[in-house]
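Please model the entire structure based on the sequences and the hints provided.
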Amino acid sequence: MTPDTLDSPYIVDIRLERESTVPLYQQIAEPLTKLIMSGAIEPGRLIEDEVSLAQRLDVSRPTARRALQELVSSGLLVRRRGVGTRVTPTHVHRQIGLTSLNADLEAAGYVTRTEVLNYQVQLADEDQAARLACDIGDEVVVIERLRWINDRPLGIMHNTIPAPVAPSLTELTQKGLYACLSERGVRLATGAQTIGARVASEREANLLAIATGAPLLSIERTAYDASGDIVEFGRHVYDATQYNITIPLVAD
Numbered sequence: 001m002t003p004d005t006l007d008s009p010y011i012v013d014i015r016l017e018r019e020s021t022v023p024l025y026q027q028i029a030e031p032l033t034k035l036i037m038s039g040a041i042e043p044g045r046l047i048e049d050e051v052s053l054a055q056r057l058d059v060s061r062p063t064a065r066r067a068l069q070e071l072v073s074s075g076l077l078v079r080r081r082g083v084g085t086r087v088t089p090t091h092v093h094r095q096i097g098l099t100s101l102n103a104d105l106e107a108a109g110y111v112t113r114t115e116v117l118n119y120q121v122q123l124a125d126e127d128q129a130a131r132l133a134c135d136i137g138d139e140v141v142v143i144e145r146l147r148w149i150n151d152r153p154l155g156i157m158h159n160t161i162p163a164p165v166a167p168s169l170t171e172l173t174q175k176g177l178y179a180c181l182s183e184r185g186v187r188l189a190t191g192a193q194t195i196g197a198r199v200a201s202e203r204e205a206n207l208l209a210i211a212t213g214a215p216l217l218s219i220e221r222t223a224y225d226a227s228g229d230i231v232e233f234g235r236h237v238y239d240a241t242q243y244n245i246t247i248p249l250v251a252d
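For what it's worth, UniProt numbering labels the leading residue of the sequence shown as 1, then goes sequentially.
Note that these hints are calculated values from the structure, not bench results. Glycine included, each C-beta is placed from N, C-alpha and C at the ideal position. Treat the hints with care, as some may be off.
[To be verified] Taking lysine to any residue pairs in the SDA-like style, the calculated list, with each CA pair at most 20 angstroms apart, reads:
id : residue 1 : residue 2
1  : 34        : 72
2  : 175       : 185
3  : 34        : 48
4  : 175       : 197
5  : 34        : 66
6  : 34        : 63
7  : 34        : 151
8  : 34        : 15
9  : 175       : 159
10 : 34        : 9
11 : 175       : 120
12 : 175       : 163
13 : 34        : 88
14 : 175       : 165
15 : 34        : 150
16 : 175       : 188
17 : 34        : 23
18 : 175       : 118
19 : 34        : 82
20 : 175       : 116
21 : 34        : 6
22 : 34        : 24
23 : 34        : 78
24 : 175       : 194
25 : 175       : 114
26 : 34        : 11
27 : 175       : 112
28 : 34        : 113
[As the list claims (entries may be wrong)] Beta-carbon label-pair distances, calculated as ranges:
id : residue 1 : residue 2 : range
29 : 15        : 117       : 19 to 29 angstroms
30 : 6         : 51        : 17 to 27 angstroms
31 : 130       : 179       : 26 to 36 angstroms
32 : 62        : 203       : 28 to 38 angstroms
33 : 72        : 211       : 27 to 37 angstroms
34 : 169       : 196       : 22 to 32 angstroms
Now the structure itself:
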C-alpha cells in the first residue's frame, strides 16, 4: 500500500435499510467496523469525511458524524485537524485473564493465523524442571510460534509443556494451545503472570517486521489445572505498538 493510496479516501459501500429499527448511524458504523477489523481497510487509510458520507448516503451530517464517532470512541479511527479521519494502526486491547490469545483475537473480529517456528521434545533441564515443577530429565515439549493478525506479525510465543499433555505439531497448526489442551482433558484453573518491557533483538525484529531495539511487551505466564499441577509455562513478546493489556482495579 503506497502513501498515495492511503491518502485516497476510502468510500464505504453501504446499503441503508431506512425502514429498519436499527438506527442509521449503526447501519453505517457496523459494516465499517467489520471492514477495519478484518483488515480490508488498511491501517493509516483515510476515510471519507462526514460531509461526503452524509451527502452520498442521503443522511444528516449529525448521523454521519455519530457513525464515525462510534469508531473513534472504540479506537478504530483517529481524527486529526488538517489531516482527516484515518484508520488507526492495528492495536490489540486485551483484558487480564487466563484465556487464549487466539480465541480472544477471533472473538474481537481479527483474522488470525499461527506459524509454528519450532517444536521439540526435550529432557527437562534444571530451569525447565523448576518452571514446570517436574523432575530433571522428564520429557517436555518446547514450542515457539509466531502469531499474526490481519496479515501482520503480532507476537512471538515460547511455551514449555509437560509431554504427557502436550499437543502435537499438527494440532498446533490448526488451533490455539489452550484449545488443544482442553481437547486433551486439561482444565485450566489458575495462573500467574508477570508483565514487563524490553527491546527487540535482531531476530525478534526480523520476525515481527520491526526495527532492532524497538519496544516489546514481555509476558511470563504459568498456568495450573484444577489439581494444582503446572500445565504450561510461557514466555511471550509482543510488538508494543500493536498490543496492550488492561488490568481492572477495585478499591479496598
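>> For each hint given before, does the structure comply? Return the numbers of the non-compliant ones in rising order.
In response: Violated hints (numbers, rising): 4, 19, 24, 29 and 32; every other hint is consistent with the structure.
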